Each structure stands twice: as structure tokens, then as C-alpha cells.
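J.: Chains as they are written, first to last, in the numbering used here: chain Z, 1 to 93; chain W, 1001 to 1283.
Think of the hints as simulated: they come from the structure by calculation, not from any bench.
Keep in mind it's a predicted model, so treat the numbers as computed, not measured.
Some hints could be false.
[Claimed, not checked] List time: in silico DSS-like cross-link candidates among lysine-lysine, alpha-carbon distance up to 25 Å:
#1 W:K1261 to Z:K88
#2 Z:K78 to W:K1261
#3 Z:K15 to Z:K51
#4 Z:K78 to W:K1243
#5 Z:K47 to W:K1226
#6 W:K1118 to W:K1066
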Amino acid sequence: MTAKTDKGTVINMGKKEYWELGMDLDGDHRLGAWQIKEVIDLTLPPKKTTKESFVAELPADTKSAEVEVKVTRLAGPKTFELYRFTKKLNFEK
Amino acid sequence: MKYLRLILIVAFLALPVMAFAEFNTIDDLAKAYSDETCKSCHGKIYEEWKSSYHAQSVVHSLGGIKNFIVVGLGKEWNKPVSKEHLMRCMDCHAPQLKDASESLIKEIADLIVKAVDKKDEAAKKELAKLNVNCVICHNTKVSIEKNLRGAPAKDTYYGPSGKASPAHKTEKSNVITSAVFCGQCHGIYTPPDGDTIGCNTLYGSYQDAYRGNGGSETCQDCHMKKENRGHTFPGAYQEAILKEGLSVDANIAGIKLHPGKWIPTAIVNVGLTNKAGHRTPDG
């Protein structure tokens, strides 16, 4: 989640990552498949909806902001942008 | 009688060689497991497979396998490369290596290191001859119930229909359409050297979190049957199936918080629904 001014300056950001954390039996994070014996599951479970909320406080003088939500997936060296939502918010009365 | 004795001795000596044939070159091993003849009748399926990551099961994973050889075996275990240990990776990435000689195993390990460290394209080209091809799935790995049904028969191809073919012997297999068939490699796995490995852990999540919550589709339903994906087996590297497996909705609202003074604030609520039959992301 990113909030920007009309000029493109980032005024707030939030991020949530989902992944599986491979661990060895000494409790250390490991990357090698031969080293991993247990997984700390920080992924999205199947058949479930995971909700995330961001409360992004913006500078007091913000008149308007464009808020963008992007969902990307990293797969090896590749990055896929799967979804993008944007909305212009107006704070002037 | 003398001749009979000689024949018996020769036959006895020859038997282990035939039963436990080991190959000393990649070309001989690749030839023994060749799927070249498959494409003359199954051309479309062959082309689908060729575009899949199963066709690149060694060369697409060189970094991880090289790390095991150099760091795992070389530094952590302080052990030489051996067939027993390399099969930790290769029992899934190139199961045909079960029929490789120890010297070929060492040669392949050297090629893997060279292909990664020296970016040696010739080494990579050699290694590309090893993969998970028609023979591996439709014969080598097809029996997950060897004690009940016996090992896969030589020169016989196992498929969902068992339809007779003039080109080869055919057997019907219920295993090949089951999720557990894929789970042999895409799950927590105990390789031949007996030391567990956490390479791909999808299958546990499929069983416990998907089937356990009422899911009934198999790996093949989504990764093969849907959208006529056939033998392309799309997964984490293809955008379309990633989008299919995850739906997202987002609500964005602007408010003014008032904890003593007015603060312009964006409230963002996002719902991510994992529609895949396993956790995501995973391998």
C-alpha cells in the first residue's frame, strides 16, 4: 500500500509479506533444502480469506492523495504484479 | 556337461549386469530414458511437456543443487559426492540417475558446479538432457505401491486410460491421476539416504489445509485439466494460474482522524482469498 501526493511524493507506505520460513533443528533460518527440517508458515492458507488493514496517517496539510494497493508475487527471479487498485482521496471540505 | 556348466556360469555372471545396468555417460543414460519416440505419436503432449518446467527439472534448479554439492556435502557434511547423497536432489530432479554409475554421478556433480560457477553453457547443455520426462512419470515414478502392485514393468507405459497402443505395452494406472503421485516430489520427502529434506512442502498443505477443509480437487484437476493445460503443468512461474489461485478485493477510504487534531488518514482494507489447493506461496 502506498499513498502519494499529487506530485508523486510518497507520504505513507505499508507492506505485508507472505512466505514460508525454512528452519533447521537449531532454530535457525535456512535456505538450503537439505538444511530445512521445519517450516514456520507465514503463507496464505487455502480456502481462506486473509484480511489486512492499513491505517495510513498522512501529513496534516494533505489536501488529496492517491492511494495504491498492489499485490505482487515473487517467484525465483521473476516478479508478477497480480492486482493493482488505486483511489484518489480528497480531504478538502 | 562342460558346455552347460560354462553357459550356466556365464549366465550367472551376466545376470547382475543386466539387472543392475549402470550407465557411464549422460548420453547413454539419456538414451535409455529417451522420450524421442514418444513424440511421433504424442506430438502435442510432447510439445506441451517441452514448454514445462518438468522439461527443465535439472537446469532450472542448478543453483540449489550446486549449493547442496558445495556447501552441504563439501563443507557441512565434509563428504565426497556420491550417488547415495546426490539422489537427495536427483530422485526428483532426474530420477533416471538411479541407473548412473558412481563415476557418472561425479561427472554430473562437476558439470552442475561448472554450469553455475563458470556459467558454462556447454555444461548446462549436457545437463539439459536430464529431466522429468514421459518415461519418468509414466513408468519410473508411477508405482507408489510397489509392495502391493510390484515395480513398474519394463517398457510399459502407465496412463489414466490404459488404452492399448501398437507402439508399447500399456497399463491403466489410478495412481497417475492422484494427488499423491505428484506429492512424491512436491511434498516433504525422505530421500534414499534417509535424511529428510524440505524442498517442496506443498503436499502437506494440500492434505491438511485443503482436503482437510473440504477441498476435493487434485493437482491434476487444476494444473492439467483446467483450461486444457495438459502437460504444460503451469505453476508459480505463470501469471495466469497465479491470478486464478488468488482473488483480491481492496477498499480504500479517506477519513479524518481526530485524536485531538484532525489527521487526514487513508483506511485500506484488503482481502486475499487463496483459491489454490495448497498454501501460497509455495514450491
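J.: Does K1066 of chain W lie within 25 Å of K1118 of chain W when you go C-alpha to C-alpha?
T.: holds (12 Å)
J.: For the pair supplied as a hint, K47 of chain Z and K1226 of chain W, confirm whether the alpha-carbon distance does not exceed 25 Å.
T.: Measuring from Cα to Cα gives roughly 18 Å; hence the hint holds.
J.: When you check the alpha-carbon spacing of K78 of chain Z and K1243 of chain W, does it fall within 25 Å?
T.: holds (15 Å)
J.: K1261 of chain W and K88 of chain Z: Cα distance at most 25 Å?
T.: holds (23 Å)
J.: Taking 25 Å as the top limit, are the C-alpha atoms of K15 of chain Z and K51 of chain Z close enough?
T.: holds (13 Å)
J.: If you draw a straight line from the CA of K78 of chain Z to the CA of K1261 of chain W, is it 25 Å or shorter?
T.: violated (44 Å)
Violated hint: 2 only; the structure is consistent with all others.
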